[in-house]
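Chemist: Can you build the whole structure from these sequences, using the hints too?
In terms of the UniProt record's numbering, the first sequence has 186 at position 186, counting the first letter as 1, and numbering is strictly consecutive.
Do not rely on the hints blindly, as some may be mistaken.
Distance condition first, Cα-Cα at most 30 angstroms in a straight line; then the derived DSSO-like pairs of lysine-lysine [unchecked claim]:
| id | residue 1 | residue 2 |
| --- | --- | --- |
| 1 | Lys230 | Lys184 |
| 2 | Lys184 | Lys206 |
| 3 | Lys116 | Lys161 |
| 4 | Lys230 | Lys107 |
| 5 | Lys116 | Lys239 |
| 6 | Lys230 | Lys161 |
| 7 | Lys196 | Lys206 |
| 8 | Lys107 | Lys184 |
| 9 | Lys107 | Lys206 |
| 10 | Lys196 | Lys230 |
| 11 | Lys116 | Lys230 |
| 12 | Lys196 | Lys184 |
| 13 | Lys116 | Lys184 |
If you're looking for bench data, these hints aren't it; they were derived computationally from the structure.
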Amino acid sequence: MTENNFHDSSFLSQGDNTSQDFIDVSSSSSSSDDESSEDENNQSGDASKQLVLYDPAANGTLVPAPEPATPFQQHPRRQGFPISNQQSPRVLPSVGAFTVQCANCFKWRLIPTKEKYEEIREHILEQPFYCETAREWRPDISCDDPADISQDGSRLWAIDKPNIAQPPPGWQRLLRIRGEGSTKFADVYYVAPSGKRLRSMVEVQKYLLEHPEYVSNGVTMSQFSFQIPKPLQENYVRKRPARLLASCNGNERLEPDLVRPLAWAGPDESPDLQLGMPRLPPPCVPDPINRPAKKRAKKSPPKEMYSSDPRASIDSS
DNA sequence: GCCACCGGTGGC
DNA sequence: GCCACCGGTGGC
Numbered sequence: 001m002t003e004n005n006f007h008d009s010s011f012l013s014q015g016d017n018t019s020q021d022f023i024d025v026s027s028s029s030s031s032s033d034d035e036s037s038e039d040e041n042n043q044s045g046d047a048s049k050q051l052v053l054y055d056p057a058a059n060g061t062l063v064p065a066p067e068p069a070t071p072f073q074q075h076p077r078r079q080g081f082p083i084s085n086q087q088s089p090r091v092l093p094s095v096g097a098f099t100v101q102c103a104n105c106f107k108w109r110l111i112p113t114k115e116k117y118e119e120i121r122e123h124i125l126e127q128p129f130y131c132e133t134a135r136e137w138r139p140d141i142s143c144d145d146p147a148d149i150s151q152d153g154s155r156l157w158a159i160d161k162p163n164i165a166q167p168p169p170g171w172q173r174l175l176r177i178r179g180e181g182s183t184k185f186a187d188v189y190y191v192a193p194s195g196k197r198l199r200s201m202v203e204v205q206k207y208l209l210e211h212p213e214y215v216s217n218g219v220t221m222s223q224f225s226f227q228i229p230k231p232l233q234e235n236y237v238r239k240r241p242a243r244l245l246a247s248c249n250g251n252e253r254l255e256p257d258l259v260r261p262l263a264w265a266g267p268d269e270s271p272d273l274q275l276g277m278p279r280l281p282p283p284c285v286p287d288p289i290n291r292p293a294k295k296r297a298k299k300s301p302p303k304e305m306y307s308s309d310p311r312a313s314i315d316s317s
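Modeler: Structure, rendered in structure tokens:
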């Protein structure tokens with residue numbers, strides 16, 4: 001029931017680095033490597049290499065990797081997920097493949113490069129993707145051919161947001177998938193031609209103000225979007241414990257049964273609960289003492305500095 | 001010292 | 001619940 005039947009694009013990632021060759025992200029460990037996977041795109045135009053699908057045979061641990069989101073319409077049957085969680089603690093998944101669903105037959109088609117994928121995604125709503133579209137790189141493909149990939153439990157799928165503008169020429173949009181159990185599924189970063197990494201619209205705007213040359217060359221805020229895909233696997237992302245409520249209802253016991261194991265899988269200690277209260281339920285006042293004082297100074301002012309709606313940032317102007 | 005990654009909050 | 005933002009910091 002979710003938003004599935006609408007074709008858009010998605011990617012999948014997978015944590016198993018054993019995968020292949022080309023992406024080899026880090027094969028060993030360093031999480032930083034995954035970066036390399038994205039690098040490939042970096043190589044400007046080399047369209048020849050691509051596709052990083054993972055090799056199921058190589059598994060050892062099946063850590064699903066997030067892949068580009070696609071529109072999947074088939075109902076989410078993720079029961080098949082072998083739980084990737086517990087084991088391999090920190091293998092960061094990386095995007096393993098980009099796939100887009102045909103608006104006609106609903107089969108998933110792998111997209112050869114990230115750039116091509118971004119190009120398709122940019123106008124997916126106005127220009128739906130069809131198997132025939134893939135003829136650009138697969139001359140004879142049609143809806144009669146079997147799907148390139150399907151949602152089995154071997155990968156982590158995530159649905160991407162449609163119509164995200166392609167990054168400006170020379171810039172790169174990086175999607176970093178976070179580990180399971182994190183508070184967010186992923187982060188988007190833009191890397192300027194200078195190598196500067198920008199992680200929010202605020203930072204982009206500031207950067208452009210400091211480097212007017214980009215603006216003069218046509219770079220605009222509408223070319224940026226920090227929207228992240230949504231994982232199909234429920235509980236991949238840790239849910240936030242009901243805001244303040246928790247402290248207010250300190251006495252409202254948290255029965256273990258009520259708590260989703262997964263959610264608490266993390267080794268994190270949750271000090272609040274313990275510190276918070278011996279036995280008497282304090283009033284609903286956030287105790288400054290126990291609190292790490294993490295308040296963020298709210299300095300950010302007006303939000304309308306840039307006017308661009310990420311969702312519909314297609315300014316075809 | 002840097003920075004990629006994670007945590008977590010404010011605001012809707 | 002989701003999204004945007006950004007502080008903190010472990011690991012290099």
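Chemist: The structure should be examined with respect to each hint, and the outcome stated for every one.
Modeler: To see whether the hints hold, each was checked on the structure:
no.	hint	verdict
1	Lys230 to Lys184	10 angstroms, holds
2	Lys184 to Lys206	24 angstroms, holds
3	Lys116 to Lys161	16 angstroms, holds
4	Lys230 to Lys107	20 angstroms, holds
5	Lys116 to Lys239	33 angstroms, violated
6	Lys230 to Lys161	8 angstroms, holds
7	Lys196 to Lys206	12 angstroms, holds
8	Lys107 to Lys184	29 angstroms, holds
9	Lys107 to Lys206	42 angstroms, violated
10	Lys196 to Lys230	26 angstroms, holds
11	Lys116 to Lys230	20 angstroms, holds
12	Lys196 to Lys184	23 angstroms, holds
13	Lys116 to Lys184	26 angstroms, holds
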